[in-house]
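Participant: Listed below, chain by chain, are the residues.
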Amino acid sequence: MSMSVERAADGAAVDEARVPGRWSGVLYELLRTRRVLFGLGILLALSAAAWIGPLLSPWDFTEADILARREPPSADHWFGTDSIGRDIFTQTMVGLQKSIIIGLCAAVLTTAVAAVVGAFAGYFLGATDKVLMWITDLMLVLPNFLVLAILYPALRGQGYIVFVILLAALAWMVTAKMVRGMTISLKEREYVLAARYMGVPDHKIIFRHILPNMSSLLIVDATINVSAAIIAETSLSYFGFGVQKPDVSLGSLIADGSTQSLAFPWTFWFCTGLLVLLVMAVNLIGDGLRDALDPQAKRRS
Amino acid sequence: MGKFLVRRLLSYLVLIFLASSFAYILAATTLSPRTNFEQLQPRPSQEAIERELDHLNLNDNTPLAERYATWAAGVATGDFGQTITDRSVNEEIARKAGVTLRLIVVGTVVGCTVGVAIGAYAAVRQYRAFDKVTTAIAFVVLAVPTVVIAVSMREAARWFNDLTGRQYFQYGGEYTAGLDAGFWGMLFDRLQHGILPTLTLALALFAAFSRYQRNMMLDVLGSDFVRTAMAKGLTRRAALLKHALRTALIPTITYFTFTFGILLAGTTFTEKIYGWHGMGAWVVDSIVQNDVNAVAAVTCFMAVCVMAASFLSDILYAWLDPRVRVS
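Residue numbers (the working numbering), protein chains in the order written: chain A, 1 to 301; chain B, 1 to 327.
Chain A on its own, in the form it takes in the complex:
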């Protein structure tokens, strides 16, 4: 008697509220996580500023106003001017654009490479795993900034896209190891076994069944990689090994401003502040996403 009542109650509940899918649940969690919203808000605001800002500014980013060198911020030059009279506001916004693009592209590429390498190593194991993991270890031994710096003479004159590809090619190792570990446990699941017995080819199983089932890990990781890529780009550009002239990025602007930050603080603090804000926004999103997507991490926040 009581069982049938329960069953009836269950049925009613199912009728009233649809069973939430994976993504609607995630979306709900995200919207409830204030950090993600806050981070997204900052990121959107920064992107809007980066793309709309240069249009509003009367100056071009390579244009020098020779009559106004090292001027403090004014109505004419919103962030002041640098040592040869270029408008810092326009430069910073163009640099911000570059940093955002580089960060996003490099992160997506990094995670993609890591997912493929890790999943293939974990799925096939044996010789494939040995070779791939060995390459991974070798790449981990070489500090990636060093390789990028050595390659910089080859990078000169290339666009920043080559730089993005290199950045991704040298940063996928740790994630690949994580993905490999997860793949090894996922490949024993019934749905993977079922697919295999039905004769689905291995690469299809990896892309259709294994990788989508670790999408939350991959999304979180991609977000973390965005900030890692932005930081790497800044550091390399600071020493002139990253984005090459005439392109500017936040790193090259910080390098220009850092030597004179005491006498002319506007040449240093605007770009530095925006950089920190950008990375912090991305980190906030990544942190919130991890909590929202990982049921075990709920109490950490």
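Keep in mind that a hint or two might mislead.
To be verified - No more than 27 Å apart at the CA atoms, straight line, and that leaves these computed lysine-lysine pairs for BS3-like:
(1) A:Lys177 <-> A:Lys187
(2) B:Lys3 <-> A:Lys177
(3) B:Lys272 <-> A:Lys130
(4) A:Lys245 <-> B:Lys272
Everything labelled a hint here was simulated from the structure, so no lab data went into it.
All values reported here derive from a predicted model rather than from experimental measurement.
With the hints as your guide, set chain B onto chain A.
Facilitator: Frame of chain A; chain B shown alone:
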């Protein structure tokens, strides 16, 4: 256990050799030492350039395989060749490695210990003021690249010195050249120079480790064995230190291995910004000066450092996790 470590050590040696070879080949193909000599004023004769390049094993007319063989044969006997200014790379390493090692070791020890301690304590006091403040600080620091930390601290020190009219902080070089102030005076001078670079490295490490350790500690705090430890009569303090922290340290050690590469990058930037003549600053200069042999040597040094860190964490792992020792 001993066998395991020996096997690890052997595979590390192979990896170090391969990494250095890779760096050598990369540097030999992308850098062009020839331009260094061609741009000399007055320009040396073509013959002299060729002779000098051949002498340094940097001649790009020699096939890469041949140059690599010469280099590898030298390395096998412990000779990394000559720098582009015809000085022994080995001597340069001997002079510079110590500078970098001092910076890395002190920075790592301070940064990791403080980070782990604060992270663990913050986890114990979750949601209290201490937790909130340290989490916020770590979060902000994590968003600042080491380069920016270093530059900002240097500028802050400059501002502070200007304000007080005395040189409390030094930010150029490792010590004052030609200073003769006795043992204590020299020590004080080194401390004055060393505090900012060390702090730069330690701060970045502290941020990463305190966040990571806090998460790991939180995972462990609610577990049964900690409750059992307290139930069997251990004080809360002893249970937390001996059981919870010890278990929570294990993943942190793996994390240490992965962050070491980033730490080396941070050291490079710190050395360059504070004018320390260490390996990191040297590699940046050598790349600009097309100094192939020096680049390969520094890569080898860094690979050795990464491997040493990895080996250290293997040992620590075995020390912390009894299961590794038993098997």
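Participant: Tell me, which hint numbers fail for this structure?
Facilitator: The structure breaks only hint 3.
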